[in-house]
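> Next come the chains, spelled out residue by residue.
2 protein chains.
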Amino acid sequence: MAKQKKAPRPKAETPKGFRDYFGHEVTTRAEMLRQIAGVYHRYGFDALESSAVETVEALGKFLPDVDRPNEGVFAWQEDEGDWLALRYDLTAPLARVYAQHRNDLPTPYRRYAMGPVWRNEKPGPGRFRQFYQCDADTVGSGSVAADAEICAMLADTLEEVGIPRGDYVVRVNNRKVLNGVLEAMGLGDDQDKRDAVLRTIDKFDKVGEAGVRELLGKGRLDASGAYIDGVGLSDEQAGPVVAFLTSKGADNAATLTNLRAAIGGSAIGGEGVDELEQIADLLAAQGYGPDRIVIDPSVVRGLGYYTGPVFEAELTFEIFDEKGRKRQFGSVAGGGRYDDLVKRFTGQAVPATGVSIGVDRLLAALREKGRIEAREVGPVVVTVMDRDRMADYQAMVAELRQAGIRAEVYLGNLKNFGNQLKYADRRQSPVAVIEGGDEKDRGVVQIKDLILGAQIAETATLEEWKDRPSQFEVPRDQLVAKVREILDAHGL
Amino acid sequence: MAKQKKAPRPKAETPKGFRDYFGHEVTTRAEMLRQIAGVYHRYGFDALESSAVETVEALGKFLPDVDRPNEGVFAWQEDEGDWLALRYDLTAPLARVYAQHRNDLPTPYRRYAMGPVWRNEKPGPGRFRQFYQCDADTVGSGSVAADAEICAMLADTLEEVGIPRGDYVVRVNNRKVLNGVLEAMGLGDDQDKRDAVLRTIDKFDKVGEAGVRELLGKGRLDASGAYIDGVGLSDEQAGPVVAFLTSKGADNAATLTNLRAAIGGSAIGGEGVDELEQIADLLAAQGYGPDRIVIDPSVVRGLGYYTGPVFEAELTFEIFDEKGRKRQFGSVAGGGRYDDLVKRFTGQAVPATGVSIGVDRLLAALREKGRIEAREVGPVVVTVMDRDRMADYQAMVAELRQAGIRAEVYLGNLKNFGNQLKYADRRQSPVAVIEGGDEKDRGVVQIKDLILGAQIAETATLEEWKDRPSQFEVPRDQLVAKVREILDAHGL
Chain A
1 MAKQKKAPRP KAETPKGFRD YFGHEVTTRA EMLRQIAGVY HRYGFDALES
51 SAVETVEALG KFLPDVDRPN EGVFAWQEDE GDWLALRYDL TAPLARVYAQ
101 HRNDLPTPYR RYAMGPVWRN EKPGPGRFRQ FYQCDADTVG SGSVAADAEI
151 CAMLADTLEE VGIPRGDYVV RVNNRKVLNG VLEAMGLGDD QDKRDAVLRT
201 IDKFDKVGEA GVRELLGKGR LDASGAYIDG VGLSDEQAGP VVAFLTSKGA
251 DNAATLTNLR AAIGGSAIGG EGVDELEQIA DLLAAQGYGP DRIVIDPSVV
301 RGLGYYTGPV FEAELTFEIF DEKGRKRQFG SVAGGGRYDD LVKRFTGQAV
351 PATGVSIGVD RLLAALREKG RIEAREVGPV VVTVMDRDRM ADYQAMVAEL
401 RQAGIRAEVY LGNLKNFGNQ LKYADRRQSP VAVIEGGDEK DRGVVQIKDL
451 ILGAQIAETA TLEEWKDRPS QFEVPRDQLV AKVREILDAH GL
Chain B
1 MAKQKKAPRP KAETPKGFRD YFGHEVTTRA EMLRQIAGVY HRYGFDALES
51 SAVETVEALG KFLPDVDRPN EGVFAWQEDE GDWLALRYDL TAPLARVYAQ
101 HRNDLPTPYR RYAMGPVWRN EKPGPGRFRQ FYQCDADTVG SGSVAADAEI
151 CAMLADTLEE VGIPRGDYVV RVNNRKVLNG VLEAMGLGDD QDKRDAVLRT
201 IDKFDKVGEA GVRELLGKGR LDASGAYIDG VGLSDEQAGP VVAFLTSKGA
251 DNAATLTNLR AAIGGSAIGG EGVDELEQIA DLLAAQGYGP DRIVIDPSVV
301 RGLGYYTGPV FEAELTFEIF DEKGRKRQFG SVAGGGRYDD LVKRFTGQAV
351 PATGVSIGVD RLLAALREKG RIEAREVGPV VVTVMDRDRM ADYQAMVAEL
401 RQAGIRAEVY LGNLKNFGNQ LKYADRRQSP VAVIEGGDEK DRGVVQIKDL
451 ILGAQIAETA TLEEWKDRPS QFEVPRDQLV AKVREILDAH GL
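Chains A and B are the protein sequences, given in the same order. Note that the first sequence covers residues 1 to 492 in my numbering. Note that the second sequence covers residues 1 to 492 in my numbering.
Hints are supplied without guarantee of correctness; some may be wrong.
Where chains are identical, the list cannot tell them apart; a pair therefore holds if satisfied intra-copy or between any two copies.
[Stated by the list, open to error] Okay, derived cross-link-like pairs now, DSS-like style, lysine-lysine, Cα gap no bigger than 25 angstroms in a straight line: (1) 415 x 343; (2) 323 x 203; (3) 16 x 343; (4) 11 x 343.
Simulated from the structure, these hints should not be mistaken for lab results.
Construct all of the structure, not just a fragment, from the sequences and the given hints.
Here it is, written out as structure tokens:
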């Protein structure tokens, strides 16, 4: 007789590019978001949690005639016909929310938002399709004071979560200055040339001034021996870009002077430099000097929608990369002014400015600096020596919890006592409590200091080990006090 | 010449059945989740945040041959062919996570999870397609001590978030008892009859004992005059159900005695009653009496996957419903033991028990009881009288924030000063600060108590109004102290 075929078992896997977060990863992020929300709130920003699902129409990244509009987003069609998608950032939903609720919201509307966003992109190492963003934006204010406020708040936030002054810098630039430079180059509306120049600017960090000159001109032989075609500009045309890229002076005043020279007579460029000057003045008046916030023309920011000031927060300390080389930690937040996002819905231009913090990178930085413990300490584990006295053990954990101590009874397989200590070990428990029938009769409990025990196991001789100084017998009514004492001794 | 057609503007709307949450709604929920997480953590539960997106295969609700498997979930197909979906609860992902990571996780694995889930259902009033769940589960323990622990933790949690003892009760039942009753009725494997009996049990609250007898027998004329066909059981067959439904005694001991009678000689029923007795004993030993946790045979719980103890937390205070009638607030949490969820993946049965708290209903209950302010107090608003002195105003808010006071500069349209006070009003600001050129020269600021001002405006005569006792002039260096004084006076 043929065996009956069973349905195959489902694979226990996250979809490609997704992952789960466990224990300490979740709680440290939650704690950091709480600290950030505290700063944002103190600055007058209100929380907003928009729905994770939007109509593709509202997200607005897609052509209406594409059959399956899922380029870059996770999208699906409703039975009635609407295409829906998971939000890919927190800014597009903000524009929709503001347009939808503008009659009920204050103007300006300062809001913060934190939560996952989803990108339908090819996953890679350390590159996930669901990740956290944490944004603050001011909608409805065209004042550079709003931009300055965001920069100051960003600096305050980094210090609040544990990045000390000196370990970060907020760098500020202005898209209008860049536009002024392009104008001064006489590129007119030649979008291809403009794009090629922008791409070249992005390479300044790598190739330096001479490299940029070559790339803007005829071209350049790169380190691998390949020849990179240049943009084909004359030396005079390239001049303003080079002046712009090398305009960072000893202080903001010097940088501003250099920028004014780089933009030549461009009106839009002049406006941009004026705005940068006002931002620097406002920040200086509040005590945010260039040790925290600095004008830096090398900040470009990828997104095309920025229309004015742009900012980026960098961590300046060095770390070792996967190949053991020292490098700077780099960017953890960025943002800028974008004045056209709400217009899509209402036809009216609404000025807006904001910042987005890369929560996971910031957490990685704090771990790197040893400001977050890599693993968390587990609960005190009360072992079960006698299954009929479960109520006794439950009473112990209840007492411990009432004293604010994290504690649990072992509820697994009782056949082998070793399992219970292995479990405590896996939980990273600091303390195990043991009460067998003998202890019960004598009114005592055994308390094992598992942290000290592990230390002794690593270093002690057999004689020291036999003394077992990491295990203590105390009267039952001193259980909580002794556990507290051990936790205190380990600074927990 | 024909006008050029513009692309139509996108609608600024959430998809049907979705909504946004603003300000206080977000922060009060976050605070409640933080409190709940604190209790769960103290009980030894670890946080887990699984990915919001799962493979449809892992969620496992759907037939493999359905072309578009989106019944009840939001699902879409990847380019490479996998169907993905948004999680519809936090339990199915837990089963997948445990199966995937079981070699790295402790056993038992106690975990809590909180976050949105999505249901592709017809939206209705107050019924959304994205909502929060907040779960705690113990995977890998078959001990009733794990069930008892969940019940105790649920009681502690409700008290922690602000539901006082006496305003809630955790009711406990056991599916095995119900199975024993069905066995005692002699229904055997007649699934249709079993289902009909279960549906009838659910109506006990409404129709009472006599009604249930009719519905189990020939049928019943309901209040609207319609005749409801009965299940067609004999009086003897119906006996155990009626005994079961009326088994709640004056205390747990009486209830247990009645239940033993109701199940007759059923082995599975006896096992269920034994488990209930053990749970009641364990809880009593820890001081959780029937004022907090009680055995109640009327708890059925909809989900088919429960296999043992089931629990439900009810708030017992009365509220007024939308028609002004008094009714009990009802259920805010429920759960139970489910022993088969992990087996789908691994082939091995893994016992598990857990609870899910309906976060939004619990928040509604706290609002109902006046334990959460309906609206939050806004920031102190520093008005802008002189746009050239923005730095001065920014310095004021910086001082206020450093003193821990929520504050912001008005950054909107400066043409009309009235706008600024309207803005402060819309923000629910408690205080506005005014410093014109005259005040600046004299080294003072005007501080408006907006809460007092609103009270006066409602009740004062014109003379009182003219005195404007809600506005104070203080030296500039007393700004923070005076604002603090006003906030304190309003208990803020």
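> Which numbered conditions among the earlier hints are violated in the structure presented, ordered from lowest to highest?
none
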